[in-house]
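Trainee: What follows is the residue order along each chain.
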Amino acid sequence: MIRVEDYRRVAPPGVVDIILTLAERVRGRRFLHLSGGRFGSGPAEILQTLVPMMSDLGIDAAWEITGGDPGFYTTAATLQAALRGSERVLTDEALDHFVEMNRVNAKKLALDADLVLVHDVQPATLVEHRAARGRWVWACHFDASRPQRRAWTFFRPFVNQYDAAVFALPNFSRRLGVPKYVIHPSIDPLSEKNRELAPREVAGVLRALAVPQDKPLLVQIGAFTSADDPLGVVNAYRLVKKHHDVRLVLAGTSGGEPDSLEILGELRETAQADPDVLVRELPPDASLQINALQRAATIVLQKSVRESFGLGAAEAMWKGKPVIGGFVGGLPQQIVYDVTGYTVSSVEGAAFRVRHLLNAPELIARMGAAGREHVRRSFLITRHLVDYVALLIHLSR
Amino acid sequence: MTLTAAQPFVFTGCVELRQALDHRATDERELLERLEEVPAGSVFYHTHGYFLRHRPITTAYGNDFASWVATQVRDQVLAERLAVVNPFEFASLEHVREELASIIHDHLLRLPAVPRVEFGAPFYFQQSHIVEVSLGAGATTLAEFRAGLATVDASAIYFHMVEARARLGRRAGDFAEWIRTSLGMPELADGIELIDTYMTSLERVRARVLALVDGALEASPR
Numbered sequence: 265m266i267r268v269e270d271y272r273r274v275a276p277p278g279v280v281d282i283i284l285t286l287a288e289r290v291r292g293r294r295f296l297h298l299s300g301g302r303f304g305s306g307p308a309e310i311l312q313t314l315v316p317m318m319s320d321l322g323i324d325a326a327w328e329i330t331g332g333d334p335g336f337y338t339t340a341a342t343l344q345a346a347l348r349g350s351e352r353v354l355t356d357e358a359l360d361h362f363v364e365m366n367r368v369n370a371k372k373l374a375l376d377a378d379l380v381l382v383h384d385v386q387p388a389t390l391v392e393h394r395a396a397r398g399r400w401v402w403a404c405h406f407d408a409s410r411p412q413r414r415a416w417t418f419f420r421p422f423v424n425q426y427d428a429a430v431f432a433l434p435n436f437s438r439r440l441g442v443p444k445y446v447i448h449p450s451i452d453p454l455s456e457k458n459r460e461l462a463p464r465e466v467a468g469v470l471r472a473l474a475v476p477q478d479k480p481l482l483v484q485i486g487a488f489t490s491a492d493d494p495l496g497v498v499n500a501y502r503l504v505k506k507h508h509d510v511r512l513v514l515a516g517t518s519g520g521e522p523d524s525l526e527i528l529g530e531l532r533e534t535a536q537a538d539p540d541v542l543v544r545e546l547p548p549d550a551s552l553q554i555n556a557l558q559r560a561a562t563i564v565l566q567k568s569v570r571e572s573f574g575l576g577a578a579e580a581m582w583k584g585k586p587v588i589g590g591f592v593g594g595l596p597q598q599i600v601y602d603v604t605g606y607t608v609s610s611v612e613g614a615a616f617r618v619r620h621l622l623n624a625p626e627l628i629a630r631m632g633a634a635g636r637e638h639v640r641r642s643f644l645i646t647r648h649l650v651d652y653v654a655l656l657i658h659l660s661r
Numbered sequence: 019m020t021l022t023a024a025q026p027f028v029f030t031g032c033v034e035l036r037q038a039l040d041h042r043a044t045d046e047r048e049l050l051e052r053l054e055e056v057p058a059g060s061v062f063y064h065t066h067g068y069f070l071r072h073r074p075i076t077t078a079y080g081n082d083f084a085s086w087v088a089t090q091v092r093d094q095v096l097a098e099r100l101a102v103v104n105p106f107e108f109a110s111l112e113h114v115r116e117e118l119a120s121i122i123h124d125h126l127l128r129l130p131a132v133p134r135v136e137f138g139a140p141f142y143f144q145q146s147h148i149v150e151v152s153l154g155a156g157a158t159t160l161a162e163f164r165a166g167l168a169t170v171d172a173s174a175i176y177f178h179m180v181e182a183r184a185r186l187g188r189r190a191g192d193f194a195e196w197i198r199t200s201l202g203m204p205e206l207a208d209g210i211e212l213i214d215t216y217m218t219s220l221e222r223v224r225a226r227v228l229a230l231v232d233g234a235l236e237a238s239p240r
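Just so you know, the sequences run in chain order A and B.
Residue numbering for the first sequence follows my numbering, beginning at 265 and increasing consecutively.
Residue numbering for the second sequence follows my numbering, beginning at 19 and increasing consecutively.
Bound conformation, chain A alone:
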């Protein structure tokens, strides 16, 4: 069972008291979350913790999901990809069917609440069936600033039926007819992915992954896709390797897409030729492995060239590691340049900053400590909870 009091030992001093006081003001009110599923997405991961925390505070919190036939799921995924800016084909028939399936969902779900927070695209058109009372907010968890035009033309009228929208960053949104609030995503410090691990546990997981700890470890966790640029990380490692005896660990999921399989093949070839490059394919539920790898790292890289918010940086900083990340998405928001790590725009920049840190071990410790405090203040789930409750209070004024 998740209890808000358990977060007192990890959250900044006073924050749990602020949560308890804010919650008093909304006790008994109904706060409904609507999403497309309970697993496998960023919003689902957050809601698994946030909803029980809200219930623990005496808020009548509920989480419902939308469902439908295969065509419904396919169109929802295609529409979301198109709103993210990918070129996709969306037919009128598919979009009509998508809206119709949500009409069926609306009949099945109890949509009456003081605040309804609708996460991402799949349940978004439910707003057509909103009850007379209560406020409806669309929470967009991806970068929707450059959508495919046809997808946006279809989707925008639905968003404008909400009372407000929430984006992770101000630059992730388009011009809308409703207020746009900015709420950063968060990490759960008590989850399997972020909880404290004893050195013995870390060593055990690394042994199981066949990752020796006899050299400084450079670690990047992320999908084997061009967006996360693992090949760029290998090139940066090679520049570093001329001067420092380090080991590179690239851990992540392939996703099975052609682009991803090609990159994974290339990485495997590299790993065969260089025993200090380790490529580890992880299952989707590899929270403990990710936790252990980040804790074992000397420096964590997140050298993405395209990114949404990218909470991997916050996860690593929570473990006291300096992070070198790409200057994209939410990484500049998380990484305070020269304080908790560096944002870089090239392979050479990444290599330079890794060498810079390896040559100054005291800086690694100092940046790691600063990063943990930065995350404690800005990216823990306690802050996210405060923001959502404050949103409920603000919109019900």
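Hints were generated in silico from the structure; no laboratory data involved.
Incorrect hints may appear among the rest.
Claimed, not checked - Have a look at the derived ranges for each label pair, beta carbon to beta carbon:
hint : chain 1 : residue 1 : chain 2 : residue 2 : range
1    : A       : Asp523    : B       : Ser110    : 48 to 58 angstroms
2    : B       : Ser110    : A       : Pro463    : 24 to 34 angstroms
3    : A       : Ala358    : B       : Glu107    : 37 to 47 angstroms
Unchecked claim - Residues from chain B shown here face chain A by an in silico Cβ test under 10 angstroms; the list is partial:
hint : residue
4    : Thr22
5    : Gln25
6    : Gly31
7    : Phe137
The C-beta atom is built at its ideal place from N, Cα and C for all residues, glycine as well.
Fit chain B to the given chain A structure using the hints.
Mentor: Below, chain B alone, put in the same frame as chain A:
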């Protein structure tokens, strides 16, 4: 001097709900034009609000405009000129806006071309809504005030020392006002009112207020 105040001091923390505006700038002229047209709440957010958001990190630039010009446009001259604008010295947000706009205008007059973002990110204007959070039962003596101040969430320091002065029109700040009117200690109130909240952290402000209160407690009859 009154040992026990009739009106208790209730510490109030705050939560800042951010709102994105449909205004952005990719060069310094756009920054000037947007600055002149955004709501006053946005000027507040990017100047005074800077101190709430940058609590644990050194406040290197003093406001978001200077920070953006320095790190994204890489125009150190304008960044330095904007950074020294102390928003707490101005009587109103319109005066802060006027000062910032005038500095950018003057800077642009001296340049052959408008500096712009080449590789960095645009400036996105935002504003904020403050949700107040009442913390604790309240203090009626200076000793109780000291105990509350030492442990209260840092957002309460911001609310009573920054928000109260700049946006709520309580020019002396809530700490000084209560100590002057409810405890009858004008010298201590004056000292707290003089604390410079610019280019420092909320924890340092807390430490300075605590030091002044400790001095007054030591000097007061037991």
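Trainee: Falls inside 37 to 47 angstroms, the C-beta gap from A/Ala358 to B/Glu107?
Mentor: Violated - the Cβ-Cβ distance for A/Ala358 and B/Glu107, about 59 angstroms, lies outside 37 to 47 angstroms.
Trainee: Can the suggested window of 24 to 34 angstroms be confirmed for the beta-carbon pair B/Ser110 and A/Pro463?
Mentor: About 57 angstroms separates the Cβ atoms of B/Ser110 and A/Pro463, which means 24 to 34 angstroms is violated.
Trainee: Regarding the hint that B/Phe137 lies at the interface with chain A, is the smallest CB-CB distance below 10 angstroms?
Mentor: Since the shortest Cβ distance to chain A is 6 angstroms, the answer is holds.
Trainee: Does the nearest C-beta of chain A fall within a distance shorter than 10 angstroms of the C-beta of B/Thr22?
Mentor: violated (25 angstroms)
Trainee: Hold the hint about B/Gln25 up to the distance rule: shortest CB distance to chain A must be less than 10 angstroms.
Mentor: violated (21 angstroms)
Trainee: CB of A/Asp523 to CB of B/Ser110, is that within 48 to 58 angstroms?
Mentor: This hint holds: roughly 55 angstroms between Cβ atoms.
Trainee: Any CB of chain A closer than 10 angstroms to the CB of B/Gly31?
Mentor: Holds. Min distance 5 angstroms.
Consistency with the previously given hints fails for numbers 2, 3, 4, 5, ordered from lowest to highest.
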